[in-house]
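Protein chains in written order, with my numbering: chain W, 1 to 210; chain E, 1001 to 1099.
None of these hints come from the bench; they were simulated from the model. Hints should not be assumed to be uniformly reliable.
Examples of chain W residues toward chain E, derived with CB under 7 angstroms [what the hints assert, rightly or not]:
1. Gln7
2. Leu17
3. Lys109
A few chain E residues that face chain W, going by a derived Cβ cut-off under 7 angstroms, partial list only [claimed, not checked]:
4. Ile1023
5. Val1026
6. Glu1037
7. Phe1038
8. Ile1094
Every residue, glycine too, gets a C-beta built ideally from N, C-alpha and C.
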Amino acid sequence: MATKNEQLENLNEIRSLMERSTRFISLSGLSGIFAGIFALIGAVIAWWILGFKAPGYPEGITSISDLSYKQLMWYLFMDATIVLLLALGTSYYFSHRKAQKEGVPFWSKSTRRLLANLFIPLTAGGIFCLILFINGNVSIVISLSMIFYGLALYNASNFTLNEVRYLGLANIICGIFALLFPAIGLIFWAIGFGIFHIAYGSFMHLKYDK
Amino acid sequence: MENPIEHLDKIYDSRIRLGIMSILMVNEWVDFNSFKEFLETTDGNLASHLKALEKKELITVKKQFIGRKPKTSYRATAKGKISFQNHLDALEKIIKEQK
Chain W
1 MATKNEQLEN LNEIRSLMER STRFISLSGL SGIFAGIFAL IGAVIAWWIL
51 GFKAPGYPEG ITSISDLSYK QLMWYLFMDA TIVLLLALGT SYYFSHRKAQ
101 KEGVPFWSKS TRRLLANLFI PLTAGGIFCL ILFINGNVSI VISLSMIFYG
151 LALYNASNFT LNEVRYLGLA NIICGIFALL FPAIGLIFWA IGFGIFHIAY
201 GSFMHLKYDK
Chain E
1001 MENPIEHLDK IYDSRIRLGI MSILMVNEWV DFNSFKEFLE TTDGNLASHL
1051 KALEKKELIT VKKQFIGRKP KTSYRATAKG KISFQNHLDA LEKIIKEQK
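Given only the sequences and the hints, what does the whole structure look like? Please build it.
This is the structure:
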């Protein structure tokens, strides 16, 4: 007859396998902190590109800077792209490192499932925002990029650490506020992508990474 | 009083078979290599445990070709899910009674 301890061990094994086979648990808290820092730097650069004025400024985007309209849009686009690439790069680096440290495979079924559930809504939203951006709706893009990102995170949270859900919700709320108050949209952008990521990343780092 | 241990299925005595069923309770189709990653076992060992579960009709097998590479995937049958659920219930009962 199996002892109680053996049975408990069995149950723990079952729980852990159910968890590991559906969720990617190596997501590193440090990557959240770095993504937040890059976003804050990016927001300050965007603010500087816009001549320290908000893109929702009533005079419109063309009259608030010495740069030509085309140049301005190009700089903003480059700024956002570099922030995104740096954030993705560090997320990959730190999560890969964490998976190695824990001795679990980085590239597994659960990783693929997380990526599909994150990037399909995110890419759809990204293309949508890019088209709006090309058409000059910068203030709407600031809001929508956060809403889409938040929805993608909320969706992806089913396949990774559960706390990602709250980061998603926080970004959705920030996105809605950015749309309500376009004059200070960039501030909400900095809070959502910057401050919240740093707060989330620090919390997760302390809780899971050690 | 009935003995809950009678409800424990002998087939789940093995750690690997227990693991296979746990994974299949929460995933639809799982391929051979994914099992290998999660359970950290050898090909031969895993194959024989999968065969045993298949023989009891607790799981079904699907064979496909991805390009030229064969890929074998597994899914828990309705019978398998019920049987494993009963096993879990029995486990839970034993632990509660021994408290």
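Results for each hint:
no. : hint    : result
1   : Gln7    : holds (5 angstroms)
2   : Leu17   : holds (4 angstroms)
3   : Lys109  : holds (5 angstroms)
4   : Ile1023 : holds (4 angstroms)
5   : Val1026 : holds (5 angstroms)
6   : Glu1037 : holds (5 angstroms)
7   : Phe1038 : holds (5 angstroms)
8   : Ile1094 : holds (6 angstroms)
Consistency note: the structure conflicts with none of the earlier hints.
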